[in-house]
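There are 2 protein chains.
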Amino acid sequence: MRWAQGFIAVDWGTTNRRAYSIDREMRCVDEFEDGLGILSVPAGGFHDAVAEIRARLGDRPLLLGGMIGSNRGWIEAPYVSCPAGLDDLVAGLVWPEPDVAIVPGVADDAGERADVMRGEEVQLIGAIAARTIPADCIVCHPGTHNKWVAVGGGRIAAFRTVMTGELFNLLKEHSILADLLGPDAEPGEPFAAGVRRGLEGDGIQAELFSVRARVLLGKARREDAAAYTSGLLIGGDVRIGLSSGTDGQVIVMGRPELTELYAAALGIAGQQAVEIDGERCFLDGAIKIAERIQ
Amino acid sequence: MRWAQGFIAVDWGTTNRRAYSIDREMRCVDEFEDGLGILSVPAGGFHDAVAEIRARLGDRPLLLGGMIGSNRGWIEAPYVSCPAGLDDLVAGLVWPEPDVAIVPGVADDAGERADVMRGEEVQLIGAIAARTIPADCIVCHPGTHNKWVAVGGGRIAAFRTVMTGELFNLLKEHSILADLLGPDAEPGEPFAAGVRRGLEGDGIQAELFSVRARVLLGKARREDAAAYTSGLLIGGDVRIGLSSGTDGQVIVMGRPELTELYAAALGIAGQQAVEIDGERCFLDGAIKIAERIQ
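As they're listed, the protein sequences go chains A and B. Residue numbers for the first sequence follow the working numbering, so the first one is 1 and each next one is one higher. Residue numbers for the second sequence follow the working numbering, so the first one is 1 and each next one is one higher.
Extracted from the complex, chain A is given alone in its bound form (with noise of 0.2 Å):
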């Protein structure tokens, strides 16, 4: 009863968290964003960090959704398995003390198949309760780790990552293309050559040297590389997720500008894009999930 009253949804990634007061009227009022992710809080330390949250937004009952349910998080909350849609992430709740709710992930587990989200789901679950996307289509899901999720039945239907973000971060800070990789990507013509090439899917373990080898050669501009990588690794993205089929629209959740660079690569391959501002999702997701519990 006490969560008809109003809550505190936080979204608690591995280094960053986003937490935000709903009031009863489920309109969020209250909101803030910082870098106490997972793995900044001690060992026991987060009843204190869910007390401070509360002492920011008020004394309300808490969901937490993202890494926060993960291994490394504050208890495991396990994953529920594949078609997964509102009413199994509700059952799957896990509650380290009274009035906090910690979101199962969801696992694409079914037959020699291993994929893993936790974060995402409340998004998806958010966007397909709200209907803000239809209850059969494809997502595209970028960040660290790109999500390509399959909703069938207004539900979640089944997955793959792609460690692109990831990737390009760590030839950013510690290959050997990293003098190459400063700038930020922008969806310009470097870029579309990138995807272009991606999307030919032959290699991109292959490609990435060429980005130095064509610098090097003059065949390529240095400011050029890092929209190009960007490309290439996004392009080779996009290929892998097309790969199981799509009726020609591509729904791309998340944060603006990683959906931008997405749209663009899906619109290269062909597909119309639907950009879909995730933060939005997850209010949604969160007070779906709110809403079921008694």
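A portion of the hints provided could be inaccurate.
One copy or two, it doesn't matter: identical chains are merged, so the pair holds either way.
In silico lysine to aspartate or glutamate, EDC-like type, Cα no more than 20 Å apart, as pairs [unchecked claim]: (1) K219 x D179; (2) K219 x D247; (3) K219 x E112; (4) K219 x E189; (5) K288 x D23; (6) K219 x E76; (7) K288 x E25.
Hints listed in this document are in silico derivations from the structure and should not be mistaken for laboratory results.
Fit chain B to the given chain A structure using the hints.
Chain B in isolation, oriented as in the chain A frame:
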């Protein structure tokens, strides 16, 4: 004339170097290896570094191969273009001071192609000149950056670099897979399973994430993850290398601990792999080049 009395050959890489003293009979009579790669030598310090090598191995002319000729080395020895043979390397020698020659790298820059090598060319030309390998063959040269080389008419005809070694190291040291990739990879069944998956070619960026998911979901053993991941990357590498076709046999040249893994992967791909010790080929190449210096 002085070179005929013996010389010193140095394989001078980014982080390591190996130096060999060659006598007038063209036999290696002394050698050392240390961690003083080109990045360890301060600006303007190569003259002293070379004097120190002579103090250890004798006052002889020096032939330097590898990254010492790159834009991060002593002075840049411009790439010679494919097809490149012994005569081309000799014609491209650069002399930073009397009695010190730097071997040029090789570029594959035909049409849209863009690839470069520095260091492997001495081994390749040595193996060809010493008839260790045929005048027409496919060579796989594993390392930080694996090279697939088409040897034609006794010259380096074309080649393609795959970033396998560097990618594995990035993943092992900095990625979400880091805690799984501790053990050295051995060519057993988990390695073979990774190779088979990598040969299928359905997107290494997605398969890498599944390494973690398989362990989280209890579908693979944590202690097998390093060998499986190594197999995945090498299998994907072999798929790229074989995409241009072979006659069923591939020469694998390099350090034995790496040639063993690639030979195993090539066997799974149905190829006959012939392992060749890269160090011997380097000495053969250096001697053949020195013999041409007047």
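How the hints compare with the structure:
no.: 1; hint: K219 x D179; result: within (17 Å within a copy, 39 Å between copies)
no.: 2; hint: K219 x D247; result: neither (38 Å within a copy, 32 Å between copies)
no.: 3; hint: K219 x E112; result: between (43 Å within a copy, 8 Å between copies)
no.: 4; hint: K219 x E189; result: within (15 Å within a copy, 42 Å between copies)
no.: 5; hint: K288 x D23; result: within (14 Å within a copy, 81 Å between copies)
no.: 6; hint: K219 x E76; result: between (51 Å within a copy, 19 Å between copies)
no.: 7; hint: K288 x E25; result: within (13 Å within a copy, 83 Å between copies)
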